[in-house]
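K.L.:
Protein chains in written order, with the numbering used here: chain A, -11 to 100; chain B, 7 to 121.
No lab work stands behind these hints, which were simulated from the structure alone. Be aware that one or more of the hints could be misleading.
[To be verified] Chain B regions said to be covered by chain A (calculated; three or more residues, Cβ under 8 Å):
#1 50 to 59
#2 65 to 77
#3 109 to 116
[What the hints assert, rightly or not] Once the Cα atoms are required to be at most 30 Å apart in a straight line, the calculated DSSO-like pairs of lysine-lysine come out as:
#4 A:Lys99 x B:Lys63
#5 B:Lys89 x A:Lys61
#6 A:Lys58 x B:Lys89
[Stated by the list, open to error] Residues of chain A placed beyond 10 Å of chain B at every Cβ, according to the derived structure:
#7 Thr6
#8 Val7
#9 Ser10
#10 Thr15
#11 Arg51
#12 Gln71
#13 Asp74
#14 Glu83
#15 Asn86
Note that the structure is predicted; figures quoted are calculated from it, not measured. The beta carbon of each residue, even a glycine, is placed where N, CA and C say it ideally should be.
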Amino acid sequence: AQTVTQSQPEMSVQEAETVTLSCTYDTSESNYYLFWYKQPPSRQMILVIRQEAYKQQNATENRFSVNFQKAAKSFSLKISDSQLGDTAMYFCALEYGNKLVFGAGTILRVKS
Amino acid sequence: EPEVTQTPSHQVTQMGQEVILRCVPISNHLYFYWYRQILGQKVEFLVSFYNNEISEKSEIFDDRFSVERPDGSNFTLKIRSTKLEDSAMYFCASRNIAGVINEQFFGPGTRLTVL
Chain A
-11 AQTVTQSQPE MSVQEAETVT LSCTYDTSES NYYLFWYKQP PSRQMILVIR
39 QEAYKQQNAT ENRFSVNFQK AAKSFSLKIS DSQLGDTAMY FCALEYGNKL
89 VFGAGTILRV KS
Chain B
7 EPEVTQTPSH QVTQMGQEVI LRCVPISNHL YFYWYRQILG QKVEFLVSFY
57 NNEISEKSEI FDDRFSVERP DGSNFTLKIR STKLEDSAMY FCASRNIAGV
107 INEQFFGPGT RLTVL
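Next up, chain A with everything else stripped away, as it sits in the complex (with noise of 0.2 Å):
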């Protein structure tokens, strides 16, 4: 079965500063995608960035970069220079026959 782990409930940061979301997964399949969404409080899912399992560099989305270790099956999410519009829950996504395993969300709040 395909798994998706956030173990972080909740994280806060302070305004400008650095904070990392942890994500761990599952899945025998060697080629897939991982996915972060951002959930702000309207409730919708806008998608944060993306990473491509066979691709070994980490992708990178202007404040946003992700941490990928396949062989640990790691994906953390790196917010640089918090800003308070980036208060939301954040999910970890993995792609698995042509849906959308997601885990159970991590709430940041980002403080002044």
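Knowing the structure of chain A, use the given hints to seat chain B on it.
P.N.:
The following block gives chain B in isolation, referenced to the frame of chain A:
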């Protein structure tokens, strides 16, 4: 920028009634999905739809659930004989599998409340 839209944003219904949740996927997308998120819980896959038929469904998607693409634009989720535990946020998503773009684009969700 094209986006997935969903209507209504909030639906309230009485237990035992039927509801239809509507979605308009991005026009050139080929795969369509419904996901569910019970308040405070993780997002769960319900069903995927391709080439006018269900390609995969989860154990949540029981006989009370059905999906349909009645025309070239809409994608609907029907729930018959609604139960209290159907109360959740329902997200529609679509994806273009051609080329390298493979992310699923999510709609804003429909909040279903069953009383």
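K.L.:
Against this structure, judge whether each hint is valid.
P.N.:
Taking the hints in turn, this is what the structure says about them:
1. 50 to 59: With 3 residues close enough to chain A, the hint holds.
2. 65 to 77: Result for this restraint: violated, n = 0.
3. 109 to 116: holds (count 6)
4. A:Lys99 x B:Lys63: violated, 41 Å
5. B:Lys89 x A:Lys61: This hinted pair is violated, its Cα atoms lying about 38 Å apart.
6. A:Lys58 x B:Lys89: violated, 41 Å
7. Thr6: Given a closest Cβ separation of 25 Å, the condition holds.
8. Val7: holds, 21 Å
9. Ser10: holds, 16 Å
10. Thr15: Non-interface label stands for Thr15 of chain A: nearest chain B Cβ at 15 Å, farther than 10 Å.
11. Arg51: holds, 19 Å
12. Gln71: The assertion about Gln71 of chain A holds, with a minimum of 22 Å to chain B.
13. Asp74: holds, 18 Å
14. Glu83: violated, 8 Å
15. Asn86: Since the minimum Cβ distance to chain B is about 6 Å, Asn86 of chain A lies within 10 Å and the statement is violated.
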